[in-house]
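Novice: Given next are the chains, with one letter for each unit.
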Amino acid sequence: MPVLTLIIFLPLVGAILLFFVPGRAACRAVALGTSGIVLTLSVILAVQCNWQSGALQFEEQIPWIPALGASYHVGTDGLSLPLVLLSALLTFLALLFSWNQDRHPRAFFALFLVMETGLLGVFSTFDLLLFYVFFEVSLVPMYFIIGLWGHERRIEAALKFFLYTRVGSLAMLLSILALYLGTAPRTFDLMAIVAAQPYAGTGLGPSLVLLGFFIGFAIKLPVIPFHSWLPDAHTEAPTAGSVILAGVLLKLGGYGFLRVALPTVPEAFGAWAELIAALAVISAVYGAAVAMAQTDLKRLVAFSSVNHMGYVMLGVAVAATVWANPSDRAAAASGASYQLVAHGLVTGALFFLVGMLTDRTETREIGRLSGLWAALPLYGSLLVFTMFASLGLPALAHFAAEVQIVLGTLGVYRWAAVGMLLGILVTTAMFLWTLQRVLLGELPAEWTTLPGLTPRELTTMLSLMVLIILLGVVPGPLVGLFEGVLRHGPGTILTGIKQAYV
Amino acid sequence: MAGGMELWAIVPELVLAGWVLVLLPLGPFLPSARKGVTTWVAVAGLAAAAIASARMVSWPHQSVFLDTYAVDSFAVYFKLFAITVTEIVLLATHGHFRGRPHESEVPALLVLTCLGMIGLAASQDLVLIALFVQLVTVGSYILVGIAKEDRHATEGALKLFLFSAAAGAVMLYGMSLLYGLTGTLRLPELALRLPTMPPLTVLAALGLVLVGYGFKITVVPFHAWAPDTYQGAPTPIAGFLSVGPKAAGLAVLLRTLQVAFPRDLGNWTQDMAMLAALTMTVGNLFALRQTSVKRLLAYSSIAQAGYLLVGVAAATRDVLAVPGLLFYLVVYLFMNLGAFLAVDGIERQIGTDERERFAGVGGRLPLSAAVLTISLLSLAGFPPFGGFVGKTMLFGAALGAGWAWLAVIMGMNIALSLYYYVRVIELLYLRPVPERSFNQEPTALRFALIVLALGSILTGAMPQFWVTWASQAARLLAASTI
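Sequence lines, in order, name chains P and A. Numbering-wise (the working numbering), the first sequence opens with residue 1 and increments by one. Numbering-wise (the working numbering), the second sequence opens with residue 1001 and increments by one.
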């Protein structure tokens, strides 16, 4: 049974179905049911998957546009499987969180489901044209989600998000086409392109192809100086939208670097790696420092994403450094992949928490919030836990990721490792100071009787918490999954890194 | 080169010509409430012509009427294209002109213009080309000005007339130069004789002929008539002009360049690439500032002509170019006509095409708004709509031809165009819904809108059929040059 195809397109079917059922309750049931089935199927997929092999599994390939050498080629491996699970989980939780959505619930749920199809598709396709299609399909629904259900400045934020990402994806399309034209016979199949290596070397051509990919993925990730869409979009989006934006959409950038850019232009990437590492470190430190200066809690969380994605970029840059020790490169690549998953869970949880708070206090001004631990003890504890996870407390998810990146970087770019540690330090200060301002201090009289967390909110948070702890305490299986890809890889995912395991 | 009276080869043309002769006198005999019947008669005639054309799909290339008229897959492709455009526009004019003066003449004129477009795509003789260009133009300006009571329509028709007269005269001058040089008007014979002629004169003649073609295709700098004419014309007619004559102009341009002109003449491919870059950039830059949606679509269709020209420029340099162009034209039919007809549906309810008045219409006219959104996203090149596959093929053609700069300019243009397209979408959906209720679109228009939206989606999700057909038509055109 083509289970992967089923997983990818079931949300789309659900979205269409939504327009044929009457009433809000039925819509809700269809939307939640669909994403629940998708989540279940993804878990089944993960269980059936061979975690050691690292090879491409559940592969399906049928001709799509043979005249152009494009096929419907999907499959999953250790790099894509965790991200498929993450997308399915966060979409399900986001829809669960939006249970009481009362403004146009039908359209709201439908857009989320269409976006889920796009996201699942990106993470499981091995045809570059199809990759581009899914990459863009996830863009339009998010425009409407921000623009229709967002906060005060939603329309500008939505437009900015749309235009930025579009510029990036067009640059990426040019690079994809260059790879397509350079391969004989012309094909969009990633495996065939990686095998043929049409843009080997470090000349002008490979550098331009790298530039296209870099613009595309660095805007999505985002890395300085391409980040300015992010704070606006994340802040103005409705809670469920912010969760998907930060939790999954940013991952497209990191995944694109690892899956597409590294294997197709390895030498050019290596030649520019040091510069990219420098950008990554600046991004990480800048993100943390600017987050500290924010007065809006949601904007603060948004900027902390710039910080975390800086580490991903650093890991990718180290992995791309051709001359470095293969085991350092492998550690950095594995750390970057781990960071993608960890950030999805932790920042998803943070945006949920901010959303719960604004639902109650109706403000996100840090200056106005204080003493909330007294009013909402359980909520306060959850916020402490999640922010500690985000600043990289040992035994929680981010720690496992960042340790691998730092260790990998130390052997390659010592200065970058120092810069990264500085970034972590600023993040720590930033989150501790935020906790102090929001949770401690005097509680304003108007907030003494805030309603406690509902069971739905608690379920959402607990499921994320369990995973955050699990990934922190037992990093072995997930690291093993990434190692499997690096060691055997479909094709040569990271050229040269394989040697580390030989 | 037999006989010269191969009537079997022009059955579709004969059917259409006969139908025009029936339609024109039919109108006055109908009672005023029944004038709409002419639309359905025209639809039937076009369907008959389509069936006659479809029979010719697999015919091998041949030249008839003393080598002046081509019967090949390329021509058939454009026959079916022109007929489809006209059929769909008829569905929209049916409601648009109901009860207005000259209601019964519109279908006849549309069929007549369709005949001109079909002839243009198949002609391989300069006199025939000039003749059919005039036929298309005459039909167009009557259609634009047929709403005599509207000052803007009259202004649009006058502009179209003056520009076409000037452009047509320059084109004829170029053709006479070619005749003076070679003593022949037939494209295949020109191909044999032009290589020995002084290249500079040949280039000059080519340039002059291009003025006439460029006017039809709205190539910058011969585009200035389009915004005024499209804005003044009845909206379905503006949609018709932006798709039909433009496609016919591209067909004749491609045939002339492919068949008659030597490949190494001057640097014409390079010049054409620069013209493409100029056209798309000017179109997009001017579209940014438009507050009238019809003017915006007019400039957008100038920009689209720029993308299409990429296919013409790269025609001899990369195998993707001509199939890409032919494929893009089909998609362009669906998305551009979809946009114009959806604007027609909205404009009829709110009484204006001012952009700001489109605010919140998405909540009141869901079908028109949805089709407009799909069409605009497709024009902006978003998957899974057809515009994406077409643009990808043209991108590939530009890169394959060695023009990375052109591909980058095209990419920047597409990114820029998203801004004005999305501003319309934003108005439709993200603004408060107006209080007053609207009437639904007429049934025929609804049907046309659904067909066009499905076309945009199917050409994007399952493009294989069209890509194959376009490749075949392109191969046959290439074969006819030998």
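By construction, these hints were calculated from the structure, which means they are not laboratory data. These numbers were taken from a predicted model, which means no experiment stands behind them. Just to be clear, a hint being listed does not mean it is correct.
Now the stretches of chain A that chain P is said to cover, found in silico as 3 or more residues with beta-carbon under 8 Å [to be verified]:
| no. | stretch |
| --- | --- |
| 1 | 1390–1396 |
| 2 | 1454–1467 |
Far from chain P, by Cβ distances over 10 Å, these chain A residues were calculated [unchecked claim]:
| no. | residue |
| --- | --- |
| 3 | Leu-1021 |
| 4 | Gly-1180 |
| 5 | Pro-1323 |
| 6 | Pro-1383 |
| 7 | Val-1408 |
| 8 | Gly-1411 |
| 9 | Arg-1423 |
| 10 | Thr-1443 |
Even glycine gets a Cβ: it sits at the ideal position worked out from N, Cα and C.
Novice: It remains to establish, for every hint, whether it holds in the given structure.
Specialist: Going through the hints against the structure:
Here the stretch 1390–1396 of chain A counts 4 residues with a CB under 8 Å from a CB of chain P, which clears the bar of 3, and the coverage holds. Residue count for the stretch 1454–1467 of chain A with a Cβ under 8 Å from a Cβ of chain P: 3. That meets the three needed, and the coverage hint holds. Every Cβ of chain P is farther than 10 Å from the Cβ of Leu-1021 (chain A); the closest lies at roughly 42 Å, confirming the non-interface assignment. With a closest Cβ-Cβ approach of about 42 Å to chain P, Gly-1180 (chain A) is found to remain outside the 10 Å limit, as its non-interface label requires.
Some Cβ of chain P comes within 10 Å of the Cβ of Pro-1323 (chain A); the nearest lies about 8 Å off, and the non-interface call is violated. Chain P draws Pro-1383 (chain A) into its interface by the beta-carbon criterion, the shortest separation being 4 Å against a cut-off of 10 Å. At roughly 7 Å from the closest C-beta of chain P, the C-beta of Val-1408 (chain A) falls inside 10 Å, breaking its exclusion from the interface. For Gly-1411 (chain A), the shortest C-beta to C-beta distance to chain P comes to about 4 Å, within the 10 Å cut-off, and the non-interface label is violated.
Its beta-carbon lying about 8 Å from the closest one in chain P, Arg-1423 (chain A) breaks the requirement of being farther than 10 Å from that chain. Here Thr-1443 (chain A) stays apart from chain P, with its beta-carbon at least about 21 Å from theirs, past the 10 Å limit.
This entry does not satisfy hints 5, 6, 7, 8 and 9, going by the numbered hints stated previously.
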